[in-house]
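4 protein chains.
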Amino acid sequence: MSNTIGVGLVGYKFMGKAHSNGYRQVAAFFPDVALRPVMKAICGRDETAVRAAAAQFGWEEYETDWKKLVARDDIGLIDVSTPGDTHAAISIAAAENGKHVFCEKPLANTLAEARQMLDAVQRNKVVGMVNFNYRRVPAVQLAKSLIDSGRLGTIYHWRAVYLQDWIMDPNFPLVWRLQKDAAGSGTLGDLGAHIIDLARMLVGEITEVTGLTETFIKRRPTLAATTGGLGAAAGAEMGEVTVDDAALFLARFANGAVGTFEVTRFAKGRANCNSFEINGSKGSVRFNLERMNELEVLLDDEMPDVAGFRTVLVTNGNAHKYLSAWWPAGHIIGWEHTFTHGIYDLLNGIAAGVSPAPTFEDGLRCQAILDAVERSAGSKQWVEPEY
Amino acid sequence: MSNTIGVGLVGYKFMGKAHSNGYRQVAAFFPDVALRPVMKAICGRDETAVRAAAAQFGWEEYETDWKKLVARDDIGLIDVSTPGDTHAAISIAAAENGKHVFCEKPLANTLAEARQMLDAVQRNKVVGMVNFNYRRVPAVQLAKSLIDSGRLGTIYHWRAVYLQDWIMDPNFPLVWRLQKDAAGSGTLGDLGAHIIDLARMLVGEITEVTGLTETFIKRRPTLAATTGGLGAAAGAEMGEVTVDDAALFLARFANGAVGTFEVTRFAKGRANCNSFEINGSKGSVRFNLERMNELEVLLDDEMPDVAGFRTVLVTNGNAHKYLSAWWPAGHIIGWEHTFTHGIYDLLNGIAAGVSPAPTFEDGLRCQAILDAVERSAGSKQWVEPEY
Amino acid sequence: MSNTIGVGLVGYKFMGKAHSNGYRQVAAFFPDVALRPVMKAICGRDETAVRAAAAQFGWEEYETDWKKLVARDDIGLIDVSTPGDTHAAISIAAAENGKHVFCEKPLANTLAEARQMLDAVQRNKVVGMVNFNYRRVPAVQLAKSLIDSGRLGTIYHWRAVYLQDWIMDPNFPLVWRLQKDAAGSGTLGDLGAHIIDLARMLVGEITEVTGLTETFIKRRPTLAATTGGLGAAAGAEMGEVTVDDAALFLARFANGAVGTFEVTRFAKGRANCNSFEINGSKGSVRFNLERMNELEVLLDDEMPDVAGFRTVLVTNGNAHKYLSAWWPAGHIIGWEHTFTHGIYDLLNGIAAGVSPAPTFEDGLRCQAILDAVERSAGSKQWVEPEY
Amino acid sequence: MSNTIGVGLVGYKFMGKAHSNGYRQVAAFFPDVALRPVMKAICGRDETAVRAAAAQFGWEEYETDWKKLVARDDIGLIDVSTPGDTHAAISIAAAENGKHVFCEKPLANTLAEARQMLDAVQRNKVVGMVNFNYRRVPAVQLAKSLIDSGRLGTIYHWRAVYLQDWIMDPNFPLVWRLQKDAAGSGTLGDLGAHIIDLARMLVGEITEVTGLTETFIKRRPTLAATTGGLGAAAGAEMGEVTVDDAALFLARFANGAVGTFEVTRFAKGRANCNSFEINGSKGSVRFNLERMNELEVLLDDEMPDVAGFRTVLVTNGNAHKYLSAWWPAGHIIGWEHTFTHGIYDLLNGIAAGVSPAPTFEDGLRCQAILDAVERSAGSKQWVEPEY
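Taken in sequence, the protein lines are chains A, B, C and D.
FYI, the numbering for the first sequence is 33 to 419, going by the working numbering.
FYI, the numbering for the second sequence is 33 to 419, going by the working numbering.
FYI, the numbering for the third sequence is 33 to 419, going by the working numbering.
FYI, the numbering for the fourth sequence is 33 to 419, going by the working numbering.
Check each hint, because a few of them may be wrong.
Which copy? The list can't say, so a pair holds if one copy fits it or any two copies do.
Okay, derived cross-link-like pairs now, DSS-like style, lysine-lysine, Cα gap no bigger than 25 Å in a straight line [unchecked claim]:
| # | residue 1 | residue 2 |
| --- | --- | --- |
| 1 | Lys-45 | Lys-353 |
| 2 | Lys-314 | Lys-250 |
| 3 | Lys-314 | Lys-176 |
| 4 | Lys-100 | Lys-157 |
| 5 | Lys-250 | Lys-212 |
| 6 | Lys-212 | Lys-412 |
| 7 | Lys-49 | Lys-412 |
Since the hints were derived computationally from the structure, they do not count as laboratory data.
Since the model is a prediction, treat every value here as computed from it, not as a measurement.
Please take these sequences and the hints and turn them into a complete structure.
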């Protein structure tokens with residue numbers, strides 16, 4: 033039986049649930065994982081809620097103070113699944129305590145914080161990994177493999193969107209994600225960070241950007257004014273939306289490729305459309321998270337009568353990364369499996385003493401691009417990221 | 033400039049319009065056609081209507097009696113675009129007058145008529161061709177080319193449907209297509225004939241069938257009871273529907289393949305879904321008339337990581353039949369272009385003295401299968417076509 | 033905290049892994065489940081393998097004799113995830129011991145066995161449920177909800193295929209699934225059972241069928257002749273394939289609808305295409321397991337300019353069954369989640385003393401239809417199921 | 033019978049063929065057209081070629097000097113289907129001669145030329161229309177109708193690409209389209225003009241842009257160095273590509289919407305992907321020219337369980353513009369039909385004395401945006417169009 037590592041998780045809502053599932057599932061599907069996680073404690077400020085989460089998600093104990101959590105001797109890995117404004121403090125404290133850190137994306141709310149976080153894991157010689165989970169969709173790995181092996185040739189174009197529509201109702205309340213203090217930014221950090229990270233992994237470094245941000249609905253009812261739900265009474269107290277509803281930018285890559293990026297929460301009918309297309313001199317690929325088990329692939333295979341994009345069902349354990357752990361070909365996996373894949377690689381990385389990509393360095397570089405887009409939107413000029 | 037041939041067309045409605053367009057367009061897009069058609073006369077019983085059709089569709093003259101038409105000296109080709117109950121009489125008379133015959137599908141309303149028609153063209157040594165126009169969709173030709181060249185391997189499965197929904201309203205009136213005397217059968221002859229012909233062209237001869245037919249709405253308002261449109265007043269005179277609304281059958285092919293066939297006018301939301309899939313030992317193809325410029329193609333090309341159906345946009349003049357006549361790759365053609373292709377092949381066939389497929393022999397064989405399906409639906413047993 | 037029930041699972045391969053996952057996950061995602069499963073023991077004849085499976089999948093203990101398992105006092109539910117030839121013996125013994133039974137599909141290898149199994153659970157007043165897991169795809173539940181609420185109107189057509197391609201290589205060896213003694217039948221029982229069950233759930237009872245079965249590759253290398261894999265040396269020992277490679281049949285339903293069914297393992301490029309279409313007087317739906325988070329829906333909503341099939345991403349917890357347990361809208365679930373859903377309903381059924389559908393009665397009726405198809409393929413006539 | 037107008041066409045290649053077809057077909061399908069075109073003369077400098085074109089495409093005569101053509105008394109309409117560097121001279125001369133003008137897109141190679149052309153048609157009180165033919169795809173008209181009637185609500189996003197791949201081979205020669213003198217620009221004017229025009233029609237006026245242009249392959253073999261085809265011998269004479277291979281830009285619209293635009297000839301596998309998506313507060317639409325008979329439509333129709341994009345087959349003569357002229361629902365039209373629609377509207381406009389949109393004013397505004405994108409690509413700043 034393999035060795036184990038104690039895990040402490042901060043956050044118990046959407047991300048906490050998804051991360052918990054990853055720890056619970058990893059060894060059942062990847063029995064060769066180098067370290068088996070022991071789910072020691074989950075942490076949150078609301079004791080009633082976090083106690084229930086511990087019971088439901090399979091944690092041995094719970095904590096209500098992350099400072100106690102990061103100091104526990106039985107824990108070797110701290111998982112930071114909180115809103116962005118606490119990533120830096122928790123991650124740095126964890127690293128200072130010699131814990132490995134698995135941090136939700138984006139790494140931080142500011143570029144300065146991200147630098148400090150990278151410095152903390154490097155100084156303390158712990159593993160740091162950012163959970164850009166879409167890197168570990170098997171179809172995305174297939175795209176990477178086609179690029180890395182040269183089967184797409186020289187890359188000319190990157191074209192990505194991340195489209196959602198969950199705040200289009202003007203009565204949707206002023207939640208923390210719509211306030212700059214807590215969220216850092218709106219769609220840019222939440223959705224833009226994902227597609228920037230994919231672009232960096234698949235195409236390469238970005239050298240300059242020009243962009244715009246837009247807030248379509250500038251004032252919304254405060255949470256207090258809404259009775260827990262979406263409905264705001266007439267005359268409800270209103271507050272200012274301080275983040276972007278949409279962000280669009282163009283980019284140049286170091287390798288000569290050019291790219292478009294667009295993120296929005298105002299694309300009616302698009303629940304979770306994280307989609308990209310890459311065009312190279314020998315082929316192209318297309319991906320859409322809503323059909324995440326598929327990759328559309330065009331290869332210049334010298335049969336002009338049947339040239340066309342193939343719809344590849346990326347479920348073949350003999351040919352596709354991570355899939356041999358799951359089911360026979362043709363049996364699709366779900367969204368949360370990307371977390372299990374990430375945790376598998378993370379645990380192997382910890383065992384080997386290596387930070388798996390996306391590292392905190394990757395997180396910092398993503399942050400620098402987010403920062404450049406914001407500066408460009410302000411200056412109305414092309415801007416270079418400050419790596 | 034090439035030689036010419038005078039054409040006389042019987043029928044001026046839906047099919048008459050489509051055939052007229054083919055004669056008008058063929059030499060503009062296929063300047064190498066061996067005989068240029070001269071649109072001599074269009075024929076119909078309603079003089080006012082046929083005169084207007086002649087003017088609109090570009091015919092020099094009109095006739096109101098097909099017997100006069102088939103006897104004209106300036107006409108070398110008779111085009112029979114009438115309902116099925118007149119195909120035999122017109123085609124046989126045309127052949128007896130030494131005219132070549134282009135007949136709408138299905139060839140006849142009965143197997144006996146079809147035999148007489150084949151006999152007439154053979155005896156009079158004229159060209160006879162049936163307008164199963166879907167043979168000449170470029171994507172269908174691509175499927176044929178993949179099969180004929182062995183790229184799909186041994187064929188195991190044929191799976192075809194032709195789904196429509198235009199008579200689902202119970203108040204839709206008792207038009208001629210719903211009466212056995214005029215139409216011969218319902219969906220079976222109208223839609224089933226098309227997919228039987230495609231199956232024969234692509235897979236081969238059918239040796240036995242088992243099937244059923246069904247009439248979902250058994251009585252409908254008479255045409256007289258409806259004021260020209262769909263609306264039937266309460267208490268309107270009703271008449272019996274004497275043809276099938278749907279027909280389903282299974283078939284065995286001479287080469288060992290097995291097939292399913294289904295046709296219906298009761299598939300809500302399916303305007304014109306003439307669709308098939310063929311599975312062979314080395315590959316598969318899928319076609320749908322509603323996206324007739326595409327063929328989905330799966331080839332066993334030994335790259336398991338990118339195995340998948342390709343969506344081939346069949347518009348490449350360098351690789352796809354008939355397309356060099358039209359537009360650059362990526363510019364799609366329309367439904368009526370299949371008639372132009374058929375007329376192009378017909379005129380070349382006449383010049384060469386050869387009946388192009390689908391010949392009247394093909395029409396007869398299709399009729400024999402329609403007949404076998406009807407007998408099977410009655411006897412509730414497997415039945416062999418009487419070729 | 034809810035009450036618990038001890039579970040014993042027979043079988044530890046593909047199905048054993050999927051069922052184990054269901055028991056491990058159910059309470060983490062459905063904390064309201066009426067009985068929490070305690071994973072007592074997994075059972076298999078190969079001690080080394082079953083010990084490893086117990087460790088990997090999270091079972092407390094293992095057994096090598098199912099007779100011991102079904103007699104254990106700490107177990108209230110026996111899960112039968114073995115090949116079909118042992119379903120009857122294990123299920124009946126479990127019921128005789130007062131255990132509830134969750135049995136893989138098809139219920140049995142013969143109609144007679146199925147009758148005995150139904151009798152056993154009824155006589156012993158235990159819950160019996162068959163794992164036709166595709167009933168619990170949320171998109172399939174949406175189809176059912178549209179039908180049950182009348183939004184599709186009167187159902188006219190059922191059209192289903194289950195297409196795979198994993199035995200097309202003639203060198204693929206003679207595994208147990210290709211031998212009638214163990215498997216009962218080939219595609220008919222393996223794949224046909226699934227689409228028959230869906231048809232019964234969605235459209236209703238089947239009154240008669242006509243069909244054919246076909247074995248394309250009649251002799252294959254024995255397992256002994258292949259060195260564990262696919263490769264058979266020249267001159268390898270060959271054995272006879274005694275089951276069908278494909279089965280096709282037509283059916284009439286009690287409510288007047290007609291249906292086509294086709295199952296095959298010779299559809300090149302189709303990994304796991306379990307797909308159906310239903311046409312009713314007011315609407316239609318289409319489903320394909322390879323995109324199991326989607327349902328295509330056509331509703332007659334009186335806006336003719338925008339009539340068309342909607343691609344519904346069935347991931348909305350506020351509108352779609354089972355989804356509130358998982359993730360926000362737009363985050364898809366995987367194939368194995370259907371087992372978790374089934375186990376959730378099963379455990380609630382046990383708590384309530386009710387066998388959830390598909391019950392053993394449903395399993396028996398499916399078996400009767402499989403039996404009728406086989407008889408029809410032999411007699412070449414329409415045959416009625418012997419319910 | 034309606035009145036007639038004599039037509040003279042300059043240009044006989046790709047566009048000349050498509051325009052000729054429009055004149056030949058318009059009255060056969062739109063018998064209510066207010067003026068029937070008489071195809072007087074086609075004009076080109078190569079007498080042999082233009083004579084053949086006249087014969088093939090159905091023109092009464094040919095000319096080799098456009099100055100003679102625009103002066104003919106029997107001609108009332110001049111159609112300018114030449115490369116962009118001659119649009120201004122021919123159009124202005126035609127207008128000065130009192131002829132109506134139908135000019136290919138983009139209107140001119142420079143903003144100054146476009147202004148002169150607009151001035152000429154206004155001063156001479158003739159009809160001027162630019163052939164942005166994609167306005168007259170029925171699916172595009174459906175999008176417009178949904179927007180104009182408010183069914184999409186407030187428009188937030190425009191997202192368009194026009195992707196091709198026909199010059200990706202580095203040995204593809206230096207044709208006129210790759211030289212700034214003749215073509216004005218590369219993809220920007222050729223493809224960008226189309227999607228700018230669609231954006232203006234569908235969303236509204238553009239107020240500012242930021243963009244980039246890129247030339248991936250900067251030197252190519254001269255036409256002289258290639259033997260008529262693609263192959264360039266080693267050591268072939270090379271010339272500089274003086275236009276863009278790709279152009280990307282962001283835009284703000286006067287109504288508050290934001291947009292992305294991308295055009296390229298380096299998107300491997302994309303033959304003719306002119307595609308857009310529009311997101312409004314109540315709905316969204318998606319279009320792709322390669323499936324030009326379809327529009328994907330999402331409407332917020334308050335049935336959350338079936339929310340999803342509908343694939344509308346835009347072929348219903350009772351509900352969709354231009355379609356009643358063609359075939360029954362479900363029978364698709366081809367690319368060239370957009371020209372027939374444009375000519376139908378043009379001829380009706382001439383009869384009514386009104387320039388149909390897109391007018392020369394529309395052409396000028398498009399030109400101003402192209403000009404702004406080029407200036408922005410140079411200055412690396414946001415730029416306003418100089419209308």
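A quick look at each hint next to the structure:
Taking identical chains as interchangeable, the C-alpha atoms of Lys-45 and Lys-353 lie at most 25 Å apart only when they sit on different chains, with a minimum of 21 Å there against 29 Å within one chain. Taking CA atoms no more than 25 Å apart as the test, Lys-314 paired with Lys-250 passes between copies only; the shortest distance there is 18 Å, against 45 Å inside one copy. In this assembly of identical chains, Lys-314 and Lys-176 lie within 25 Å of each other by CA distance solely inside one copy; the values are 14 Å within and 28 Å between copies. Taking identical chains as interchangeable, the C-alpha atoms of Lys-100 and Lys-157 lie at most 25 Å apart only when both belong to the same chain, with a minimum of 21 Å there against 53 Å between chains.
For the identical chains of this complex, Lys-250 and Lys-212 are intra-copy neighbours only, at 13 Å inside a copy versus 45 Å across copies, given an alpha-carbon limit of 25 Å. Proximity of Lys-212 to Lys-412 under the C-alpha cut-off of 25 Å is restricted to the intra-copy arrangement: shortest distance 21 Å within a copy versus 29 Å between copies. In this homomeric assembly, Lys-49 and Lys-412 never come within 25 Å of each other (Cα to Cα): the closest approach is 40 Å inside a single copy and 45 Å across copies.
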